[in-house]
Structure formats: C-alpha cells, structure tokens
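K.L.:
Start from the sequences and build out the full structure, keeping to the hints where you can.
If you read the protein sequences in the order shown, they are chains U and Z.
Numbering of the first sequence is given in this note's numbering, commencing with residue 23 and proceeding in unit increments.
Numbering of the second sequence is given in this note's numbering, commencing with residue 18 and proceeding in unit increments.
The set of hints was computed from the structure by calculation and includes no laboratory data.
On a predicted model such as this, the values are computed, not experimentally measured, just so you know.
Using N, Cα and C, we set each Cβ at its ideal position, and we do this for glycine too.
Don't take every hint at face value.
Restraint ranges, calculated between C-beta atoms of paired labels, are given here [unchecked claim]:
#	chain 1	residue 1	chain 2	residue 2	range
1	U	ILE205	Z	LEU42	28 to 36 angstroms
2	U	ILE82	Z	SER286	49 to 57 angstroms
3	U	PHE306	Z	LEU42	36 to 44 angstroms
4	Z	ARG22	U	GLY281	57 to 65 angstroms
5	U	HIS88	Z	GLY68	43 to 51 angstroms
6	U	GLY265	Z	ASP243	27 to 35 angstroms
7	U	THR127	Z	LEU66	50 to 58 angstroms
8	Z	PHE48	U	HIS88	39 to 47 angstroms
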Amino acid sequence: MLKRVHFPTSVLPYLLVAPQIIVTLIFFIWPASQAMYQSMLIEDAFGLSTEFVWFENFQILAEDKHYYDTFWRTIIFSVCVAFLSMSVALFLAGFAERVVRGAMTYRTMLIWPYAVAPVLAGALWVFMFNPTLGIFPYLLEFIGYNWNHYLNGHQAMLLVILAAAWKQVAYNFLFYLAAMQSIPKSVIEASAIDGAGPVLRFRTIVLPLVSPTTFFLLVINAVYAFFDTFGIIHAVTQGGPAGATTILVYKVFNDGFVGLDLGGSAAQSVILMILVISMTVIQFRYVEKKVDY
Amino acid sequence: MVENRPLLSVISHLILIFGVALIALPIWITFVAATHDEARMLQAPIPMLPGGYFWENFKQTLFGSGLSGTEIAPVWRMLGNSLAMALMISLGKISISLISAFAIVYFKFPFRMGFFWLIFITLMLPVEVRIMPTFQVVANLGMLNSYWGLSIPLIASATATFMFRQVFLTIPDEMLESARIDGASPMRFFWDILIPLSRTNIAALFVILFIYGWNQYLWPLLITTDADMTTIVMSIKQMLEASEQSPQWNIIMMTALLAMIPPIFVVISMQKLFVQGLTETDK
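P.N.:
Next up, the structure:
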C-alpha cells in the first residue's frame, strides 16, 4: 500500500489530502452524524421544541405497517429490476459472443442507455405508457387490456421496473460480454468436440464460468435499484398511486422534505446507511476475492 | 467461432437486432415526438415515423420560450448549468483524488491510514442516505443556488482515490528513485511523471464522472430553487408536471433529447475509455 521508496515526511502530504478530507468531513461525516443525532429527536407539530427520545423513532418505524410494506416493496422492486435487466443482458451477451462479425457494433448500440439519466429514462417510459397518448396503452387496447398506471398500483410498479431495468441492461451487458470473451476458447472447443451443442455448452460451461460476474452484478444492481432509481420513481409515479411505488429512498425524501417529519426521516436514513454499509462490505469481501469455481 | 452453424448465426443476428431495436425504442419514440407539431402530438395513436417540425421544435426549445406557460429558465441556460455542474464535479473529483492518492502512496506520515479510512467511508454514504442534514449544511454555508453548492458536496470520491492509488502502485519504484537522485521535488515528480503516466486512466475516469455529474438529479433538485440555476435533467420533471395542464409533448421530448445527447455522445465517441473507466472504478 505504501511505496518501498517514499518521500520524507513534511507538511506537504497533509496539504495534499486536505481538500478531500475537508469535503469529506463537512459534507459526509458531519451530515451523517447529524442524521444519527436527529434520528433520536422528535419535533412537535409546530417545530417549536424538540425532545431527545433515544430510539423512539426507530420503535415507531418498527411498528409502522407502512414502513414494512415499503421495505418489502423495495426488495421486490430490486429483485425484479436485477433479474430482468441481468437476464436480458445475459441472453443478449450470449448471442453477441457468438457472432464474430459485428460483436462490437452490437455492443456500441446496446451500451448507450447507460448514459441516460434515471429521471429521463422515467420520462421516456411514462410517455410511451401515457394512458391517453402512449403507444403501448393504445396497442393493449386491442387485446382488451386497460392500461392506466395513474390508477392501478401494479401497473405503476411494472412501469418503474421496466424503466429501471431498461437503463441497467447496458451496464450488465458490458460486463457479461467481457466475462464471456475472457473464457478460454480451448474449453469451449473441447466440449464442442465432445459433442456438446451451443445450448448445453452455455448451460454447463459459460454460465458457471461467468458466475463471479453474476454475483458482482447482483450487488451492483441491488445498490442501483435501492438508491439510483429515485429519479425514475419521482418522474413516473411520485411514489403513487396510493404509495404503490414508494421505495425506501423515496420515503426518506418524502417524509423529510414533503412531510417535514425530520426525526422519522433521519431514522430511515440511518437504516439505509446500515443497508449501504452491509452491501459495500459484501461487495468488498466477496467480490474482491472473486467467487471462482 | 467454434463450429459452423449458419442457421444459428442468422438467428443470433436476428435476436441481437431485435434486442437493439427494443433498447432503442424509447429513444426512437422520443425522437419522433420531437419532430411533430403540438396538435399532432395530442392525437392517439402517436406517430411512429418522424414528421417535419424538427427544426421548429429545436429552435423553440433551445432559444425560444420553450414550454409556454411555465416559469422555467430557457433551455440553453439549463444546458449551460448542466455542463458547468458536470465539469466541476468530474474535474473536482479527479483533481482532489489524484493529490490525495499521491499523498497516501508516496508519503509516510502520521494518520496516513486514518485519512485513508476516512475517504473509504464516503463510499458508504451516498447522497440519498444523508439528504436532510447535507442540505442543512449547504444552506448554512450559504451555498444554495450556486455552482459551488451543486458541485462541492459531491466531489469527495473514494472510488477515484482507490483507482489512482492502484495506478500509482503499479508504477515501478525505480521511477521515484531516479527522480530523487536527479533532485526532483515531490510536486515535480507528480507533475512530470505521475500525471503523464496516468493520462489514460484520468481520461477514462473523466468519461464516467462526466456522465455521473450530468445526470445528477436529487441533489440539484434539493438545493436549487432559483429558476436560473436549474439543470436540464431537472427540468424534465417540471415539464412533465406542467404537461398535465397543457401537454406540449413535442417540446418536452425535444428537451429530453437535448438532455440525453451530451452524455450519449460522450459514451459513443469515447467508447474505449468509457469501458475502461467503468471496469476500473467498479472492480
């Protein structure tokens, strides 16, 4: 971690780390500790006095049925986003790996949704599914299906899942393609000589060999679905209808900035912090070691 | 190619073309919507083929009043704000991470590991989990509605610091030894040896961070109340809200298109650096 040869100690290294450390202290460490402190305060309805209540806010959350619902909804949302975007990406990467000519062209044409901001992805999808104008509700009308995500919670959820997964396919595709291209050709050839067809080879050789990538992507996609999809939800449904698409991050924002329940919002922030920390630990402990088979 | 199966190759191409079309469909619909006039965009079904109003919409969106009946800044102004924010975030992150990685790798000083862990912790505190208190800090510092407020709170970066640390560790020790024998000062070594050697890494990271900065949404949403400071990505949400009264989908979609083009252009034109940056920062 440190070079064998290094410069003598002076005041210089302190100056060099200073900008990063100052920003970290002011905008990361201090707010995070504030969030922890605020999570133990309850403000009265008029914001006139605050009371230190230890863990009462957490207790309120633990007994709050809405919070449980939000928690499970977030899990379901994340699992669906991760599964959908990863399986589409794996499927496409499997075929892209096969075609010798044009594999890179396909890559170019598949990776750019990564650059689209989540809120824009939301805007695009909400337009396509606009109940009065959108192309999909119009087509669904022909098979007698009535689409209105402003009223139907399940449809709203499906829509945010689609928008979130669409944006993430690019990322997953890139990593799957890279993983597949690094599988030694000799292994594939040997099994082909033994008479294994493309499907069998994919199932018994490619899939196990890309499993470290799958695990890595699972963590990344979970983090993405938990935290980066705020823009999509905010643009598409605003957490509605009737809270059907409110995920944890959205609830923190909504309770804090719209509902002005500072203590409750801070307590939720602390819970989210614990979640991020555990996800980061998983990512570093297991992904760094590279799950190998 | 392991074996010659022409039929399977054809099927592969067909499936990939289908996949590309499916992924591109939302953008295609956006583009088509941006090429029709307002009246056409109010009739279901919406068109699937481009119309002839692209330039009119383009001019009205970029230089004209934009969406009528709303109080949002002109689009060129918001594009400028986005560009300023994206550049400040990406360049800020790169510069402070370069120097702190340099200090951590090339100097031995008390609390070195303490600083390292402090930077590491930022990885675990995304904006989303400390929304309220960070907002309060920025408000107390009087940084609301400013470029500083938009960028500074986001420029600490554990990933960038780690990446540069990794790059510096691969640079042979002999470089430093010979530089020191020749009497180079630490900063001289930094500018003349480390920076040139990590040039491609810096470029790759810049591509990723530019997209990250450009696409920021929650943070600008919180700290800008002044219409002149809104970013283009933020404006879409305001337009969608306005669309419930007066839907001008041609203008909204043209704005969306303008908001997407810069980062997409960066990804496509610097694809190699983009892929390198993505794989380096996340692994």
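K.L.:
For each hint, tell me whether it holds in the structure or not.
P.N.:
Results for each hint:
1. ILE205(U) / LEU42(Z): 28 to 36 angstroms: holds (31 angstroms)
2. ILE82(U) / SER286(Z): 49 to 57 angstroms: holds (51 angstroms)
3. PHE306(U) / LEU42(Z): 36 to 44 angstroms: holds (37 angstroms)
4. ARG22(Z) / GLY281(U): 57 to 65 angstroms: Given a distance of about 60 angstroms, which is inside 57 to 65 angstroms, the answer is holds.
5. HIS88(U) / GLY68(Z): 43 to 51 angstroms: holds (46 angstroms)
6. GLY265(U) / ASP243(Z): 27 to 35 angstroms: About 31 angstroms separates the Cβ atoms of GLY265(U) and ASP243(Z), which means 27 to 35 angstroms holds.
7. THR127(U) / LEU66(Z): 50 to 58 angstroms: Check failed, 24 angstroms falls outside 50 to 58 angstroms.
8. PHE48(Z) / HIS88(U): 39 to 47 angstroms: Given a distance of about 40 angstroms, which is inside 39 to 47 angstroms, the answer is holds.
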